[in-house]
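Student: Single-letter residue listing:
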Amino acid sequence: MAARTDTRIAPEQPPPSPRGVLGYRAGRERPAGGWELWTWLFMRISGIVLLFLAVGHVLIMHVGGEGVSRVNFAFVATRWSSPFWRTWDWALLSLALLHGINGLRVVVQDYVRPVAWRFAVNMLFYVVGFVLFVLGTVVVFTFAPSRWPGVAR
Amino acid sequence: MPPAPESAGDVLETSDQRRAGATGAVTLTLRIRRYNPELRGEESWWDEFTIQADPNDRLLDALHQVKWYHDGTLALRRSCAHGICGSDAMMVNGKNRLACKVLVKDVAPKVTVEPIRGLPVLKDLYVDMEPFFNGYRSILPYLINDEGEPDAERLQSPEERHRFDDTTKCILCACCTTSCPVFWGDDEYVGPAAIVNAHRFIYDSRDHGADERLKILSEKTGVFRCRTTFNCTEACPRGIEVTKAIQEVKRSILFERF
Chain S
0 MAARTDTRIA PEQPPPSPRG VLGYRAGRER PAGGWELWTW LFMRISGIVL
50 LFLAVGHVLI MHVGGEGVSR VNFAFVATRW SSPFWRTWDW ALLSLALLHG
100 INGLRVVVQD YVRPVAWRFA VNMLFYVVGF VLFVLGTVVV FTFAPSRWPG
150 VAR
Chain C
0 MPPAPESAGD VLETSDQRRA GATGAVTLTL RIRRYNPELR GEESWWDEFT
50 IQADPNDRLL DALHQVKWYH DGTLALRRSC AHGICGSDAM MVNGKNRLAC
100 KVLVKDVAPK VTVEPIRGLP VLKDLYVDME PFFNGYRSIL PYLINDEGEP
150 DAERLQSPEE RHRFDDTTKC ILCACCTTSC PVFWGDDEYV GPAAIVNAHR
200 FIYDSRDHGA DERLKILSEK TGVFRCRTTF NCTEACPRGI EVTKAIQEVK
250 RSILFERF
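The listed protein sequences correspond, in order, to chains S and C. Here the first sequence is numbered in numbering that gives the first Met the number 0, starting from 0 and rising by one per residue. Here the second sequence is numbered in numbering that gives the first Met the number 0, starting from 0 and rising by one per residue.
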């Protein structure tokens, strides 16, 4: 018993860690990043926001008025003349992509065990997500009906 | 109407007879998943045993009857046989249960018994618990207090004790962890039982290791792997609100950051 106490508080032990929990380091040093916390929190918040954005989108575009049949080039052009709808659609695009890709990352974390495969599958999702995000963002911010050839105005 | 008893011995005998008469034996068929790599290779197989058992006996008694009188090679783990040691966790009709807390009358006439999932099976119902205990050890499951030895016991108010009362009930049987789909996929995940035991110390006013434990549990293998499927809460033979405990730890990590 005495021997065990001695090894615990031997004088040559390094000075207590800043946290001072044990007076010695328990196990390996751990990254204090909290990445998992932030992605977890992002999923919750983006989920709530997406509920309103996505359900609102469906109601406005596909249910209200004459429904989906009125949606054509002119309808979109008129709608996107307002920065509000561009912001709405861009928020919907980016949140849905990030939410979805992070969901896939979590599934991959659970079920793709070999490290190389996991890296490859994750990279595939990240690249596809990034390409879709860039394409969508470019369209949302640069769309100008007047520049489209053959559009009657 | 039996004659009036004359002595204590008579009373016991009459009550024994009455009990024996009231509960006739029932027929129970046990369908058991067997595994023995030394004899039959890596493939598991099913064996069926039909026995007579008292309906008020426990499933563990029925398994004993099989092992002792039908097939001595059946391997299972059990110690106290009274729901305290947590040795005889197994999958009973698809649900993780302690064999010593399931009554024959609740599963008769036929019951399926398998080893708990997500841990390497060594033989029949007997699994290697090491990945489970790795998770348990990683959360520092002991009192951490750097104040030095106190003169008397460390006092605590009933409210402070109540804060972590639920999670003190854990017997480490692994019913929760081996019912968790995240653990099935990845045994690096510390699992519900480890989080329950971290919870038991994190919210103990006598313990000073909460920061260290919350840090461990905010890692990739920690609480944020939990998908709140509630399998753990449903499986716990001690009635611990496991998912609630995990959510409380998540919340503590979240609000520690702000």
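These are calculated hints, taken from the structure and not from any lab test. Honestly, I wouldn't trust all of these hints.
Okay, the calculated beta carbon distance ranges per label pair [claimed, not checked]:
#1 S:F41 - C:P119: 33 to 41 Å
#2 S:W89 - C:N144: 46 to 54 Å
#3 S:L103 - C:R39: 55 to 63 Å
#4 S:F41 - C:L142: 58 to 66 Å
#5 C:L38 - S:F41: 27 to 35 Å
#6 S:F41 - C:P54: 51 to 59 Å
#7 C:N144 - S:F51: 43 to 51 Å
#8 C:D46 - S:L103: 38 to 46 Å
Per the computed footprint, the stretches of chain S lying under chain C, defined by three or more beta-carbons under 8 Å from a beta-carbon of chain C, are [what the hints assert, rightly or not]:
#9 36-44
#10 57-64
The beta-carbon is built from N, C-alpha and C at its ideal position, and this holds for glycine as well.
Student: So, for every hint listed, does it hold in this structure?
Tutor: Consistency of the hints with the structure:
Separated by about 35 Å at the C-beta atoms, S:F41 and C:P119 satisfy the suggested range of 33 to 41 Å. The beta-carbon spacing between S:W89 and C:N144, approximately 53 Å, falls within the hinted interval of 46 to 54 Å. For S:L103 paired with C:R39, a C-beta distance near 40 Å fails the hint of 55 to 63 Å. A hinted range of 58 to 66 Å is violated for the C-beta pair S:F41 and C:L142, which are about 35 Å apart.
For the pair C:L38 and S:F41, the beta carbons lie near 52 Å from each other, so the given range of 27 to 35 Å is not met. At about 54 Å, the beta-carbon gap between S:F41 and C:P54 stays in the expected band of 51 to 59 Å. A beta carbon spacing of about 48 Å between C:N144 and S:F51 agrees with the range 43 to 51 Å that was offered as a hint. Checking the proposed 38 to 46 Å range against C:D46 and S:L103 shows it holds: the Cβ atoms sit about 42 Å from each other.
With 4 residues having a beta carbon nearer than 8 Å to a beta carbon of chain C, the segment 36-44 of chain S meets the requirement of three or more and the stated coverage holds. With 0 residues having a beta carbon nearer than 8 Å to a beta carbon of chain C, the segment 57-64 of chain S misses the requirement of three or more and the stated coverage is violated.
Checked against the numbered hints given earlier, this structure breaks hints 3, 4, 5, 10; the rest are met.
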